[in-house]
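Enquirer: Sequence:
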Amino acid sequence: MLHEPRFWSAVAFVLFFVLFGKKVWTPLVNALDGRAARIRADLDEAARLRREAEQMLEDATRERELALAEARALVEHSLAEAARIAEEARKEAEAVARRREQMARDRITASERSAVREVRLAAIDVAMQATRDALAAALPAEAGQTIIDRAIADLPSALTRHAA
Numbered sequence: 001m002l003h004e005p006r007f008w009s010a011v012a013f014v015l016f017f018v019l020f021g022k023k024v025w026t027p028l029v030n031a032l033d034g035r036a037a038r039i040r041a042d043l044d045e046a047a048r049l050r051r052e053a054e055q056m057l058e059d060a061t062r063e064r065e066l067a068l069a070e071a072r073a074l075v076e077h078s079l080a081e082a083a084r085i086a087e088e089a090r091k092e093a094e095a096v097a098r099r100r101e102q103m104a105r106d107r108i109t110a111s112e113r114s115a116v117r118e119v120r121l122a123a124i125d126v127a128m129q130a131t132r133d134a135l136a137a138a139l140p141a142e143a144g145q146t147i148i149d150r151a152i153a154d155l156p157s158a159l160t161r162h163a164a
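Sequential numbering of the sequence shown, starting at 1, is according to the UniProt record's numbering.
Where hints are given, some of them may not hold.
[Said to hold, decoys possible] Pairs of lysine to any residue, SDA-like flavour, derived with a Cα cap of 25 Å:
no.	residue 1	residue 2
1	Lys22	Ala37
2	Lys22	Arg35
3	Lys23	Asp44
4	Lys23	Trp8
5	Lys23	Ala37
6	Lys23	Gly34
7	Lys91	Arg72
8	Lys22	Leu32
9	Lys23	Arg35
10	Lys91	Glu81
11	Lys91	Met103
12	Lys23	Arg38
13	Lys23	Ala36
14	Lys23	Val11
15	Lys22	Gly34
16	Lys22	Glu45
17	Lys91	Ser78
18	Lys22	Ser9
19	Lys22	Glu4
20	Lys22	Ala12
21	Lys91	Asp106
22	Lys22	Asp44
Hints were generated in silico from the structure; no laboratory data involved.
Take the sequences, apply the hints, and build the full model.
Expert: See below:
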C-alpha cells in the first residue's frame, strides 16, 4: 500500500487540506457567500422591479380605461353638439327662407302698386289728352276759357272735400 500512487495521492490531498485548508477554504467560502449575497440582492431587486412593473401596468390600465371613458364621453358630447348645431342651422335656414319669401312678396306687392300707379298715371294722361282733344274740337275758344276759370274757382272747395 505504501507503493501505490493512489495512496500517496490521497495522503497528499489530506495533507494539503490540513495545511492549507483554512487558507483556501476561507476565501472560497467568502467568494461563494459574496456570490450568494449578490444573487439574493439581484433576486430582491428583480422582485422589487416586478412589483413596480405590475403597479405601472395597473396604473397604465386604469389610465387607459379612464382615457377610453373620456373619449367615449367626448364623442357622445360631440355627436350631441353636432345634432344641436344641425338643428339650429336647419331652423336658421328655415327662418332665412321665410324672410326671403316675405321680402319677395313685399317686392311683388310694391311692384304691383308701382305698376298700378303707373297705369293710373298713364290712363290719366291719356284721358286728359283725349279730353283736351275732344273739348278743343267741340267747344269754341271762349267757352274753354270759361270752363278753365270755373275749374280754378272750384279748386279750393274740391281740395278740402278731397282732404276730408
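Enquirer: So, for every hint listed, does it hold in this structure?
Expert: Hints and how they fare:
1. Lys22 to Ala37: OK: Lys22 and Ala37 at ~22 Å, within 25 Å.
2. Lys22 to Arg35: Holds, because 19 Å separates the two Cα atoms, which is no more than 25 Å.
3. Lys23 to Asp44: violated, 32 Å
4. Lys23 to Trp8: holds, 22 Å
5. Lys23 to Ala37: It holds: about 21 Å lies between the C-alpha atoms, which stays within 25 Å.
6. Lys23 to Gly34: Holds - the C-alpha atoms of Gly34 and Lys23 are around 17 Å apart, at most 25 Å.
7. Lys91 to Arg72: Given that 25 Å is the threshold and the Cα spacing comes to 29 Å, the pair is violated.
8. Lys22 to Leu32: holds, 15 Å
9. Lys23 to Arg35: Judged against 25 Å, a Cα distance of about 19 Å means the pair holds.
10. Lys91 to Glu81: Roughly 15 Å between the alpha carbons, so the hint for Lys91 and Glu81 holds.
11. Lys91 to Met103: holds, 18 Å
12. Lys23 to Arg38: holds, 23 Å
13. Lys23 to Ala36: holds, 20 Å
14. Lys23 to Val11: holds, 19 Å
15. Lys22 to Gly34: Distance of about 18 Å is within 25 Å: holds.
16. Lys22 to Glu45: Violated - the C-alpha atoms of Glu45 and Lys22 are around 34 Å apart, more than 25 Å.
17. Lys91 to Ser78: The given pair, whose Cα atoms are some 20 Å apart, holds under the 25 Å limit.
18. Lys22 to Ser9: Distance ~20 Å between Lys22 and Ser9 Cα, so the pair holds.
19. Lys22 to Glu4: violated, 28 Å
20. Lys22 to Ala12: holds, 16 Å
21. Lys91 to Asp106: Since the Cα atoms of Lys91 and Asp106 sit roughly 22 Å apart, the hinted pair holds (cutoff 25 Å).
22. Lys22 to Asp44: Given that 25 Å is the threshold and the Cα spacing comes to 32 Å, the pair is violated.
In this structure, the earlier hints numbered 3, 7, 16, 19 and 22 are contradicted, and the remaining ones agree with it.
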